[in-house]
Amino acid sequence: MSELSVEPVESVDDADVPAGIDAPEYVLYGGKGGVGKTTCAAATGLASARDGTATLVVSTDPAHSLSDTLSTDIPSEPAKIKDDIPLYAVEIDPEAAPEGPFTGPEGGPEVEGESDADAGGFGPMGGDDGMGGMGGMAEMLGGGGHPLAGGAMPGADEAAAMQLLLEYLDDPRFDRVVVDTAPTGHTLRLLELPDVMDSMVGRLLSFREKLSGMAGSLGNLGGLFGGDDPEAEMDQGMDDLKELSAKIERLRAALRDPARTDFRVVMVPEEMSVVESERLIDRLEEFGIPVNTVVVNRVSEDLADVADFDQDWFVAPDTEHCEFCRRRWEVQRNALARAQELFRGRAVKRVPLFAEPVHGEAMLGVVAACLE
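Residues in the sequence shown are numbered consecutively from 1, following the working numbering.
Misleading hints may appear alongside valid ones.
Said to hold, decoys possible - Pairs of lysine-lysine residues, derived as DSS-like cross-links and limited to a Cα-Cα distance of at most 27 Å, are as follows: (1) Lys32 <-> Lys349; (2) Lys242 <-> Lys210; (3) Lys210 <-> Lys247; (4) Lys80 <-> Lys247.
What the hints assert, rightly or not - Between beta-carbon pairs, the in silico distance windows are: (5) Asp84 <-> Glu271: 40 to 46 Å; (6) Glu271 <-> Phe207: 47 to 53 Å; (7) Glu372 <-> Asp239: 42 to 48 Å; (8) Pro62 <-> Asp312: 37 to 43 Å; (9) Glu271 <-> Asp318: 21 to 27 Å; (10) Lys242 <-> Glu271: 44 to 50 Å; (11) Arg326 <-> Asp171: 45 to 51 Å; (12) Gly202 <-> Ala355: 51 to 57 Å.
Hints were generated in silico from the structure; no laboratory data involved. Glycine included, each C-beta is placed from N, C-alpha and C at the ideal position.
Starting from the given sequences, assemble the full structure and let the hints guide the process.
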C-alpha cells in the first residue's frame, strides 16, 4: 500500500497576503494548549513586518514551536530572521534570563568560590547571590522555606519570562511586539506576577528601612551579610528592585491600555474550548486587560468563506457526502453559535481547517489574511 503525503503550499499570490496589520504595538495570543496560538502569532508577525514595521515575535511557551512554524531556527535572544523584511523573533529560555531580584540562588549563575552555606544561607548582599543583591534579606524574611529564599521559587519560569518580556517590550528596536503566550495556566501565572512581585518589592523595601535603622546598633553587620560595605550593597539591591517595580508598572499600564495592547484569545470550535476561552476572558477582565478579538481556528469551512482568497490548492471538508465531515461540522456550528453569542461585541475571526501543514511563509500569509 502506498504512503500518502501532503505537500506544503510553496507559494500564494502576494496580492492576497496582507502587508501590515491594523493593531496596536503589543499583540498577545493566548488560550488553551494546542489551539494554534503560535500559528496566529507567527502569521501576525509576518504580516506586520511586510509593510516595513520592525516586529518582534516572542514565544513564552516552555514547549516552543515557533521555529517549526516559521521554518527557521529561533534563538534565545532577539534576532532578525528575514532578510527582506524587518521581522525578528525570540524563544524565551528561562534559564537564559538575566540575573534578577526574583531569580532564586539556584537559578542564578554559579559564583566562583561560593560555598553551599552562602547559596542557601546569609549569602553576600551583592549581585552575585542570584537575587540582585537580596539573597540575605530573603533568608531573613523567613528562612529556607520562603519563596524568595534558596532554590527556585514557585513560578520561577514565569518570573524569568516576565523579566525578559519586560526587556523586549521596552526595546526601542521594535515598533510592534507579538507574543505567543504559554497555555492558559502559565499565562495567568505570568499575568499575576506583577501584583505578586510588586508586593514582594514593597515588603523588601519596608524590611530594608527597618534593617537600616538597626544598622547602628549592630556591631558586625559586615560579617553578617558579607562584603566591606553592606549599606552600599543593600542600597544597590534596593535600587535594582525599584527599577524592576517601575518596569512592572509600565507593563501593567500597557497591558490595560486598549490603544497599546490587543490580547487575542484563540480557540477551536468545540464546546470545551469555548468554555475555557470564556473563563480566560473573564480572568483577563479581572486583571483589567481588554480582549477585543477572539480567533476560532480549524473551522471546517471553505477558505473563500472566511478570507478574500480563491485558491485551487485549498481542499475543504466534504460536508455533503462525507458523514464524518458532516457530523464534525454540526459540532463546530453549535460551538460557533455559542461563541458568537458569548463573545458578542468582540471581533470573532475564523481560520479554516487546512489539509496542508500550516508552517512556512506561504501558509502563514493565508492565515494572516483570515485574521484581518
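Verification of the supplied hints:
| no. | hint | result |
| --- | --- | --- |
| 1 | Lys32 <-> Lys349 | holds, 17 Å |
| 2 | Lys242 <-> Lys210 | holds, 17 Å |
| 3 | Lys210 <-> Lys247 | holds, 25 Å |
| 4 | Lys80 <-> Lys247 | holds, 25 Å |
| 5 | Asp84 <-> Glu271: 40 to 46 Å | holds, 43 Å |
| 6 | Glu271 <-> Phe207: 47 to 53 Å | holds, 49 Å |
| 7 | Glu372 <-> Asp239: 42 to 48 Å | holds, 46 Å |
| 8 | Pro62 <-> Asp312: 37 to 43 Å | holds, 39 Å |
| 9 | Glu271 <-> Asp318: 21 to 27 Å | holds, 24 Å |
| 10 | Lys242 <-> Glu271: 44 to 50 Å | holds, 47 Å |
| 11 | Arg326 <-> Asp171: 45 to 51 Å | holds, 49 Å |
| 12 | Gly202 <-> Ala355: 51 to 57 Å | holds, 54 Å |
This entry satisfies every hint, going by the numbered hints stated previously.
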